[in-house]
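Enquirer: Listed below, chain by chain, are the residues.
Protein chains: 2
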Amino acid sequence: MKIALVQFNPIVGDIANNARKIVERVLEAAQSGANLVVFPELALIGYSHHDLLDNAYVVDGIEDALAWIHRHIPQDVAAVVGTVVRNPSESGKKLFNSAAFLESGRPVQYVHKMLLPTYDVYDEYRYFEPAKGQSPIEYKGIKLGIHVCEDMWNLSKYSTYHMYERNPVDELVEQGAELLINLSASPFSHGRHQLRTELIQDICAVHHLPFLLANQVGANTELIFDGDSRVHGPNGELLRCAPSFEETILYWDTHDLAPCQDPAHDKIEDIRDALVCGIREYVSKSGIFPSVLIGLSGGIDSAVTAALAVEALGAQRVMGITMPSAYSSAGSVSDSIELANNLGIVCHTIPIETAVSAFEGMLEPLFEGTSVGIAEENIQARTRGVALMAVSNKFGHLVLTTGNKSEMAMGYATLYGDMSGGLAVLADVFKTDVYRLAEFMNAEALHDLIPRATIDKPPSAELRPDQKDEDSLPPYPILDEVLRLYVEERLDVHSICERTGHAEAFVLGLLQAVDRNEYKRKQAPPGLRVSSKAFGTGRRIPLVMKFDRKSVDVLKLEGNEV
Amino acid sequence: MKIALVQFNPIVGDIANNARKIVERVLEAAQSGANLVVFPELALIGYSHHDLLDNAYVVDGIEDALAWIHRHIPQDVAAVVGTVVRNPSESGKKLFNSAAFLESGRPVQYVHKMLLPTYDVYDEYRYFEPAKGQSPIEYKGIKLGIHVCEDMWNLSKYSTYHMYERNPVDELVEQGAELLINLSASPFSHGRHQLRTELIQDICAVHHLPFLLANQVGANTELIFDGDSRVHGPNGELLRCAPSFEETILYWDTHDLAPCQDPAHDKIEDIRDALVCGIREYVSKSGIFPSVLIGLSGGIDSAVTAALAVEALGAQRVMGITMPSAYSSAGSVSDSIELANNLGIVCHTIPIETAVSAFEGMLEPLFEGTSVGIAEENIQARTRGVALMAVSNKFGHLVLTTGNKSEMAMGYATLYGDMSGGLAVLADVFKTDVYRLAEFMNAEALHDLIPRATIDKPPSAELRPDQKDEDSLPPYPILDEVLRLYVEERLDVHSICERTGHAEAFVLGLLQAVDRNEYKRKQAPPGLRVSSKAFGTGRRIPLVMKFDRKSVDVLKLEGNEV
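So the protein sequences, as listed, match chains A and B. Okay, so the first sequence: first residue is -4 according to the numbering used here, each after it adds one. Okay, so the second sequence: first residue is -4 according to the numbering used here, each after it adds one.
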């Protein structure tokens, strides 16, 4: 049997067009001789649908579209399509997250998802009832162990949050499954390719069955899907692997057990590819802005953001603006112009002094007698924000923000200033990795696409004379390590001190800064997710809260005295 | 037996201080002769804790604090405290949401929550394993049917999202419970008092047992808790009811079956009380800003926001700024000054013309030859935003935004302009209800606290000559009805047309505007929630999506032709 795994890129909510594309792919695969065509999880509504599924009329639309697809399946072909199915029971969540097995002229068979991730960016129990069980579907004499995404992830080695009671893959094999087929909508984070390979090899080591994975590709707001669809042989060896971040159809004949080369994956290259995909898709799928606008400061973040945008959209659809103030270094403009020339993008210069002076004049009666500080620094950043947004509103460019994960963590950014924009490209990339991205892109370009001066200069917000990031923040390699342990590994102050050797007061100060700045992140634009724990929908921290590590320790000691 | 229901106001995450307050309340209640002291759901960590509970060190802190509380329970008293408990099983979510039954010198007994709301603002399955069962706890010869919040809500009449398989209250009664005790962290929405009464009366009509409810009070970011703790007699009659929005202890002797008066609840008065609570608590619990700052436009939204802030904080802690531009009416300043005088607050005037002109000059080389439009209107709104934030940064006032639910729905607001601020007071109040709030507050004040001119003038953003809201939006009574049906009742275009008699194209246009402006709401400050469906954490809509109602209809028709 020839199987086609469709690495599919749905638009969230665009049910009718997703359905049309699904039928097109089925017909294409059938023409190539495939008898079984597998689509990713929830291909019809797209991942992540969020609360669209709270609306009965959306579910009606999905049912209608699935029926339409079913009527268009040709003879001698079966399609497996990720969709939602209403739960007929009077109790429990109203929907199942299901794989629909569609053959011409035969009733639809369903496999409902058993394990529903409800952590990090996943909210599946918000919508879906977990299935009580699954059974293989027999097709052309082969028992297919069809299951959905998380159903394959219940091995303790890979469970960050918790284990589930059931193991759907084991149960399918117990019922005679001969081929394991997983429909996924599994987002990218760096290291994910290798993790999937290891997990599937662990499953194959137990069950000695071929394993097929069809994953969503493309990006939807903050979530980027790499695809990385693949076929593993019964001993876990990789037989087919789809290119990452591209729509494609992966064909495999069940008799062909010749292994393929495992495509090399490099963390920084993957992040670059993911961000390029994320920008391109946000612009194309939102369909509002044909082009993007970036405030160029001469610094590394805006330079890397611009270079990524050019890869995503082409130089014609990227515009830079440099907005010098009294405190800007000469390099702020000259390095930006060099960058723009290297990238081939238009760059305008809008000096902000007149507006900054106007604000200072307007506010003078109120501010008289106070000393210059944060308020004045923020006026500069916000004046730039107003100018950028005015150009965006006037000409219809999407503003990309340039803040990195280190800054977002520490609140080292100005709300309504440099945080103004529609998409935060580097929000999940630590500053040290932003430098690595710059070096990687320069190496690939075989010249300094991003000017050497931009890479070499000490980072600065340039909001007051001779300001440097290191006046306010620890050196980035030190900062990023602490932030990674706190945000991504969720360690507390004591464990971080043990791991790093830093003093407790130093680490505590950083952690408190992260907590205190949640209110800024609440109002940040969506950020492209490239790590296993990004700020945004996957990390929900109360804005108003006091978690005081010390006071609990005091309480414990007191308790012992009673 | 004398029972104390503690209407408790925790600070989220402030485990040690919440523990101290819990012990203080237990001792106070014991001194008043209570033998059983009941606290709300999750009193120790506070609702809503969000992802604080993903951190093992936070759970450690809760365990330590509960042990400390336990050691401080006096003789002959039991306390029931909402807390989290680790799930000892290797599979399933790592925590239970539990009621801990604490007596001096005896092991803690736990009742774990069975029904875990995971919809709207609730994410409980993100953290908690549902209990497989509950049993009554016998104390002083009475079998107590202790359960937690949602455990009482599984009656189809009251289930908006779905039913659960089990009914914990029924199961407790089957096991001999003689007194039903619910620990809640049940947020306010208008109409909630009456809904709780009806639900409990329906339960009592079946089981003929007294029903006690201890609910959280106070506000945490967007969620406002009214408390509304109560005791119902075996036939459902109200025996005790705590005042809303106040910390208190409600005492009841199990022999006392004399009914009390059901406190009157008026929608607008409740909303007023809730918003006052929400402002006061955000300011006091965030602990960063002693005071608030409001941009006064002479319009109804900023006037009502200022009046609410004065009720919450006192006039000394509220400051107004009026920021006239070339397009501002004379009333913009004079009505604001009249309001400020009525409220007794300081009001500064900062004309914005110089900064607006400076921006226009800066941008002229780029904007030359374009016609004046949205870009220029937004420059005015954003110039006001910069000025407000500068004053906030300089003097440490929290900026309150003034946009109402109708505007937030339609995107009739400027990002980084009038949307700049830390808390959106009216974000869940439709414009028509903002007028009702104004009239209510004036009636209560026995004079026009909010100037009559502010109430009577046609709403306008005053961003271009003679602009009126009705140039861009339908009249608010019509708009608000459609928005309520779409956002709160989750109806689609067809049902809304049927209900209202409006033309399909008209309704569709409004719904599309709501969908299209999700990106603005993503970056809005948190809004106080007073309805059953507010924008924010309870309504999660993908930013990048296309839900096209028409295209599915087309698909259906096509399908029939095949």
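There could be a bad hint or two in this list.
Since the list gives no way to pick one copy over another, a pair counts as held whenever it fits inside one copy or between any two copies.
[Stated by the list, open to error] Here are the simulated lysine to aspartate or glutamate pairs, EDC-like style, with alpha carbons at most 16 Å apart:
| id | residue 1 | residue 2 |
| --- | --- | --- |
| 1 | K389 | E359 |
| 2 | K452 | D543 |
| 3 | K89 | D464 |
| 4 | K463 | E160 |
| 5 | K541 | D510 |
| 6 | K541 | E333 |
| 7 | K545 | D55 |
| 8 | K127 | E160 |
| 9 | K389 | D257 |
| 10 | K152 | E166 |
| 11 | K138 | E166 |
| 12 | K515 | D443 |
| 13 | K545 | E242 |
| 14 | K517 | E371 |
| 15 | K545 | D443 |
| 16 | K389 | E355 |
| 17 | K16 | D248 |
I should point out that these hints are in silico values taken from the structure, not numbers from a laboratory.
Enquirer: Against the earlier hints, flag every one the structure doesn't satisfy and list their numbers going up.
Expert: Failing hints, ascending: 2, 3, 4, 6, 9, 10, 12, 13, 14, 15, 17.
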